[in-house]
Amino acid sequence: MRIYRVAVVVVFAATVALVVGSLVAPPTEEHRHLWLLPFVALATLTPSVIGVLIALRQPRNVIAWILLVGSLPTVRIVTLIPARGWALQWDRAMWPLLYGWPIAIAFVFPDGRLLSRRWRVPAAAAVVCFVGFVGLAMFDPARFDPPNESVHNPMSFWHAPGWLVAVWLPLWLGILASLTAGALAVWLRLRRSSGVRRLQMLWLAWAGGLIPLGLVWCGLGSVIAWWFGGASSSRLLYAFLLLMETGVAAAVGIAVVRYKLYAIEQLINRTLVYAVLTIILGATYALIAVLLGIAAGRGSAWVTATATLAVAAAFRPLRGRIQLGVDRRFDRQRFAGVRLVEAFEREVRDGRRPPEEIGVVVAQALLDPLAEIVFWLPASHSFGRATGELLPVLPDDGRTRTAVGSRGEPTAILLHDPRLLERPNLLHGVVRAARLSSEIARWRVEVRLQLQEVEASRARIVEAGYEERRRLERDLHDGAQQRLVSLGLQIRRMQRSLPREAAILVPALDKIVDEVGAAITDLRQIAAGVRPVRLDEGLASALADLARTSPIPVEVDAPVERLAASVEAAAYFIACEALTNAVKHSSASKVSMKVSHRDGTLMLTVADDGIGGAAPRRGSGLAGLHDRVAAHGGQLEIASPIASGTRIQAALPCES
Amino acid sequence: MRIVIAEDAVLLREGLAGLLEDAGHRIVARVGDGESLLAVVSEHEPDLAIVDVRMPPTYDDEGLRAAVQIRQLHSETSVLVLSQHIESRHVVDLVGSGGGFGYLLKDRVLDVDGFLESAERVARGGSALDPEVVKQLLAPADDEPLAELTPREREVLALIAEGKTNAGIAKQLWVTEKTVETHVSSILGKLGLPRSVDAHRRVLAVLAFLRAAP
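Which chain is which? The protein sequence lines are A and B, in order. Heads up, the first sequence is in my numbering, so the first residue is 1 and it goes up one at a time. Heads up, the second sequence is in my numbering, so the first residue is 1001 and it goes up one at a time.
Read the hints as simulated data drawn from the structure, not as lab findings. Each hint should be verified, as a subset may be incorrect.
Below, simulated BS3-like cross-link-like pairs (lysine-lysine); rule was C-alpha separation at most 25 angstroms, straight line [what the hints assert, rightly or not]:
no.	chain 1	residue 1	chain 2	residue 2
1	A	584	A	594
2	B	1135	A	590
3	B	1171	A	511
Restraint ranges, calculated between C-beta atoms of paired labels, are given here [as the list claims (entries may be wrong)]:
no.	chain 1	residue 1	chain 2	residue 2	range
4	A	512	B	1021	18 to 24 angstroms
5	A	525	B	1179	44 to 50 angstroms
6	A	566	B	1145	29 to 35 angstroms
7	B	1145	A	475	23 to 29 angstroms
8	B	1150	A	467	57 to 63 angstroms
9	B	1192	A	512	43 to 49 angstroms
10	B	1145	A	498	34 to 40 angstroms
11	B	1021	A	468	39 to 45 angstroms
Derived list of chain A stretches under chain B, where covered just means 3 residues or more per stretch with a C-beta under 8 angstroms from a C-beta of chain B [as the list claims (entries may be wrong)]:
no.	region
12	105-116
13	486-499
14	509-517
15	522-531
Glycine residues also receive a C-beta, built at the ideal position from the N, C-alpha and C atoms.
Can you build the whole structure from these sequences, using the hints too?
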């Protein structure tokens, strides 16, 4: 292991030294193109640095060594070799090696092994072709390009025979074939891989894809540059190829150390968008420049201005269009998912679907049947489902949590399959689209919960009221009334034990006992008003009692079956209230009360034949009736047309 | 007459006991809840048990339930139930289903003579139903056969329903027994009830008739 590390450091140090040397003493012909030097240094150093970073951690990593060693021959060592002729010869011959290491990586990425045993043939063929091609180029007897035309070529002693082409051409084709084979290897691995491996391959594929893309860009750039009489395109191409080297190395580094692996989908998406965008804009610019140039003359400021303006104006709309197109073409699921959520949001806006369904829609959009949105409910200090079910603790069932909504306080949490993290584009696109609906849904859930709580507490209060009445009634009967009876009894006993001569007191004592009896009757009536004892025997009995004491005739039609005590009490007091109303305000000659029980609902109808026109005003009996019915989660209907009587109908939910 | 009193309010219980003792009856046991009542009734087999409806532990209707049990288990013991309020139809059922059962509001004891008379009647196997309850039974006045009764006849009918004998009715209405008998036979005729001689059977028939009314 140690020896590997030492070797890593030595190779890296050598590379750095060579690069620094090449920068300190640049080759003469590049003095005109000094701007190229940083590109050259970058193209060599990036793979080297990434190689060393990986190798220090995993000294046996094949990829690291390809990066480390592969970049070495690309250093411009022209000025560092004393034999100037050989130096220039190497400089001229080595350019295919720029592709050497990327192809090698394409063959063995990411595990350092070939795809299968059969791939050894193309791999070996590639090595032969590269070595043969560069080796053959070293024998090139041609003169050097200016300004080195005066330098002596050590190979000038011979003339290349004609048959050499027959050897050279297959080698060149072999290099091209190995380039294709490398691309094929990457493509095959991409198809067969999944998860992290797939993301790694995507990174490499992205970097590889930059090369043909770059060629197109360069072509366009050359056309424009040529039209405006600009610099030579071959240097531009060269600089670009060097940049590609850097890109590939960086992508490989990211893929190997797995840093921000998940960003690749977004990166590919953006690259595609901007590639297509620049190509179209460039083509537009070139077209306008050429067409107007023919009319207004080459190099006119007007032409440049018009072309620039057109491109600037087209930028934004074009970008949107292209983004949509790219999404549709290359990320169908994200496109379809976001569209689904957006369509849902429109339906929510039109009131055709409740926003609470957002969780289901997101699950559909993500193609993850287990996906679920839970809302953060600040007033309840808890998470909750769309159904209103509270979740004090988020379920820990292996699903990953992704926040929906702004940072800081999340609106909701999306629970989903952890594998979706590999599709950040899809995940975040859908989550972002779901933000508004989640926010609306969360408040609706919150309000509904709070309302339920208020309703429940109102029901509890009413219930407590009934209980209180029962207690009061008991207290009256068993307390005060009982005492009065004993008091009367004592007086009676005393009265009966009076001596004959005290008989004069008898009428007075009779009067007192009569008063006591009257007080007892009063108390009994008060107690009955607080809560009729007959309610214990059922609604029918209680209503019959109520009818008996009514000043106007009341017809009662109620089933004798027993219901929940609270429902019976509610129905009784509603009937009382309605009857009181009828007696006080309706001038009715008769009232009918009808009770029926069906499908878990108690229907109470109180109708009179009075003057009608009753309306629930604040503080009126009818308004109180409304509150009472609502407290039981029931519904009240009042129909009171003028001169046609009043009909009050209460529907109370009850489980019998 | 040997009497058992079941009443949880001590003051009232003692007052009641004193009243009955003054009238020459013997109180053989005084208890405060239904369970003890059943125990002392089994032990003493008294002529009459005077029972409060609401007693511990639930203060609901344990007095009534104990009364029903006593009537089933000890036919020789009559039961007079006392209540603070007007109970239901099933009290009427109880009173109407057989003799030796009475139901009165507690404040009826303030009419000492009336109360003693009712207690004795029940102990002898007769009935006693509180006038308030009877009033309720007679309330639907637009009922066909009842509507044919004269006011005086209605008064008499109410007293029959309460369990009063002809002599008792005569005394209360300040008329002769003969007049009462005339009223009674007229009432029974109008209502289509059998003219039974037995005062008790007559009460049952009247109650059955009134119960059947809507």
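Problem - Hint numbers not upheld by this structure, sorted from lowest to highest - result: 5, 6, 7, 8, 10 and 12
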